[in-house]
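*Asks:* Sequence:
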Amino acid sequence: MNLTLPAKRGLVLAASLLALGGCAVRQLAVNSLGDAIAQGGAAFAADDDPELIRAAAPFSLKLIESLLAESPEHKGLL
Numbered sequence: 011m012n013l014t015l016p017a018k019r020g021l022v023l024a025a026s027l028l029a030l031g032g033c034a035v036r037q038l039a040v041n042s043l044g045d046a047i048a049q050g051g052a053a054f055a056a057d058d059d060p061e062l063i064r065a066a067a068p069f070s071l072k073l074i075e076s077l078l079a080e081s082p083e084h085k086g087l088l
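Just add 10 to wherever you are in the sequence shown, counting from 1, and you've got our numbering.
The hints are simulated quantities; they were obtained by calculation from the structure and are not laboratory data. Incorrect hints may appear among the rest.
Mimicking EDC-like on lysine to aspartate or glutamate, the simulated pairs with C-alpha atoms at most 20 Å apart in a straight line are [said to hold, decoys possible]:
{"no.": "1", "residue 1": "K72", "residue 2": "E61"}
{"no.": "2", "residue 1": "K85", "residue 2": "D59"}
{"no.": "3", "residue 1": "K72", "residue 2": "E83"}
{"no.": "4", "residue 1": "K85", "residue 2": "E75"}
{"no.": "5", "residue 1": "K72", "residue 2": "D45"}
Estimated spans, in silico, between C-beta atoms of each pair [to be verified]:
{"no.": "6", "residue 1": "D58", "residue 2": "L88", "range": "24 to 34 Å"}
{"no.": "7", "residue 1": "K85", "residue 2": "A24", "range": "32 to 42 Å"}
{"no.": "8", "residue 1": "Q49", "residue 2": "K72", "range": "12 to 22 Å"}
{"no.": "9", "residue 1": "L23", "residue 2": "L78", "range": "25 to 35 Å"}
{"no.": "10", "residue 1": "A55", "residue 2": "L21", "range": "50 to 60 Å"}
{"no.": "11", "residue 1": "S26", "residue 2": "A55", "range": "42 to 52 Å"}
{"no.": "12", "residue 1": "A46", "residue 2": "L23", "range": "33 to 43 Å"}
In this text, a Cβ means the ideal position worked out from N, Cα and C, and glycines have one as well.
With the sequences and hints as input, model every part of the structure.
*Replies:* Spelled out as structure tokens, the structure:
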């Protein structure tokens with residue numbers, strides 16, 4: 011397959027836009043999940059099963075830590 015220079019540039023541009031678009035979608039998902047978790051503290055406070063809360067707390071902390079690694083400036087998670 012012998013592509014001309016403009017065709018090669020077009021392919022590189024298209025691939026770059028797809029890659030950047032994927033990053034934006036990922037960041038949107040991380041921020042949306044961070045917003046939901048930041049507002050969900052009432053669920054822990056309202057639950058009357060301390061064993062369930064004790065079992066869920068480590069997972070919750072690791073999830074928040076992972077989200078902060080992806081979006082360190084997220085105000086709701088800080």
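*Asks:* Could you tell me which of the numbered hints above are not met by this structure, giving the numbers in increasing order?
*Replies:* Structure breaks hint 2 only.
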